[in-house]
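From just these sequences and the hints, can you work out the full model?
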Amino acid sequence: MKEATSVVVSVRLPLESGRRLRRLAARHGWTSSDAGARLIEEGLRRSEFAFIDFRDTPAGRQACIQASSLAVWEIMQLVRGYQGSVPAVAKHLGWPLVKVQAAVHYAEAFPKEINDAIADNDAMDFKALKHMLPQAVEFVPKRPSNR
Amino acid sequence: MLKFLLSERISPHVAAALRRRARPVVVHGMAEWEGGNFMAREEVACLKEAARQRLTFVTYDRLTIPPLLKAWADEECTRGECSHGGFVFIDEKSIPPADAHGLVLALARLAKETQSWDWTDRVCFLR
Numbered sequence: 000m001k002e003a004t005s006v007v008v009s010v011r012l013p014l015e016s017g018r019r020l021r022r023l024a025a026r027h028g029w030t031s032s033d034a035g036a037r038l039i040e041e042g043l044r045r046s047e048f049a050f051i052d053f054r055d056t057p058a059g060r061q062a063c064i065q066a067s068s069l070a071v072w073e074i075m076q077l078v079r080g081y082q083g084s085v086p087a088v089a090k091h092l093g094w095p096l097v098k099v100q101a102a103v104h105y106a107e108a109f110p111k112e113i114n115d116a117i118a119d120n121d122a123m124d125f126k127a128l129k130h131m132l133p134q135a136v137e138f139v140p141k142r143p144s145n146r
Numbered sequence: 000m001l002k003f004l005l006s007e008r009i010s011p012h013v014a015a016a017l018r019r020r021a022r023p024v025v026v027h028g029m030a031e032w033e034g035g036n037f038m039a040r041e042e043v044a045c046l047k048e049a050a051r052q053r054l055t056f057v058t059y060d061r062l063t064i065p066p067l068l069k070a071w072a073d074e075e076c077t078r079g080e081c082s083h084g085g086f087v088f089i090d091e092k093s094i095p096p097a098d099a100h101g102l103v104l105a106l107a108r109l110a111k112e113t114q115s116w117d118w119t120d121r122v123c124f125l126r
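Protein chains in written order, with numbering that gives the first Met the number 0: chain D, 0 to 146; chain P, 0 to 126.
Be a bit skeptical, because a hint or two may be false.
If you want the footprint, here are the derived chain P segments under chain D, 3+ residues with CB under 8 Å [claimed, not checked]:
no.	region
1	0-10
2	16-25
3	28-42
4	49-62
5	104-114
6	118-124
Calculated pairs, DSS-like style, for lysine-lysine (alpha carbon to alpha carbon, straight line, at most 27 Å) [what the hints assert, rightly or not]:
no.	chain 1	residue 1	chain 2	residue 2
7	P	K92	D	K126
8	P	K47	D	K141
9	D	K129	P	K47
10	P	K69	P	K47
Calculated directly from the structure, the hints in this document are not laboratory data.
A virtual CB, placed ideally from N, CA and C, is assigned to each residue, including glycine.
Shown next, in the form of structure tokens:
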């Protein structure tokens, strides 16, 4: 027999919390059940991973680093740019090492979420950008001859 | 005058080097801008304040910001509220964030070559 991938948990909420949950769900186009499941999952991840927070963005809810404007996928893109060197990224950002490590650990636990975000960012090339924002222009600065 | 607000992903060293190299361009790093008050806030609040201050936002984030700008254009332009101080999207394949020197040169060149531009509502893809 195939193992179930979800479980039904009945939760009793205060009336006002139920209303707030419905409002949140409506804002995102989710059902109340979806919204509850997502918030529980986010709460679990917050409790299990240091420095992780979640924020609304136009690309959906994203895992971010607390007290920072950066999402985990952005930090992982930097880590890739520095060939996996966490100390180099910490120095780049002027952050303590442990905050970059926290992002790396989260990305290791949820690789699809992070890889998909990086791939979606990469896919927004100039052609895609000008489709979305017709006023966009491409600018290639003239390189100095001694570079 | 061009006023850059650099995303947090851009090293603070870039902001410092750009200030030296591209005078009189004003350069704010995200960590120091408005006392760092926008670091942990949702993107839309930060970008609306940057737009209000007519700052040109420089970022590698092409995942979340273009849809936000499109939504502003779709929903708010009809009310005349969508104006901003410009956005520069950097292509990390051409100018990797780790190449601080290359980024400083590219932004300094951009500032020099576009000094006659009115940056209102401009969107630039820098590569």
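Okay, the hints, checked on the actual structure:
no.: 1; hint: 0-10; in the structure: holds (count 4)
no.: 2; hint: 16-25; in the structure: violated (count 0)
no.: 3; hint: 28-42; in the structure: holds (count 8)
no.: 4; hint: 49-62; in the structure: holds (count 4)
no.: 5; hint: 104-114; in the structure: holds (count 6)
no.: 6; hint: 118-124; in the structure: holds (count 5)
no.: 7; hint: P/K92 - D/K126; in the structure: holds (15 Å)
no.: 8; hint: P/K47 - D/K141; in the structure: violated (32 Å)
no.: 9; hint: D/K129 - P/K47; in the structure: holds (21 Å)
no.: 10; hint: P/K69 - P/K47; in the structure: holds (14 Å)
The structure is inconsistent with the numbered hints 2 and 8, although it conforms to all the rest.
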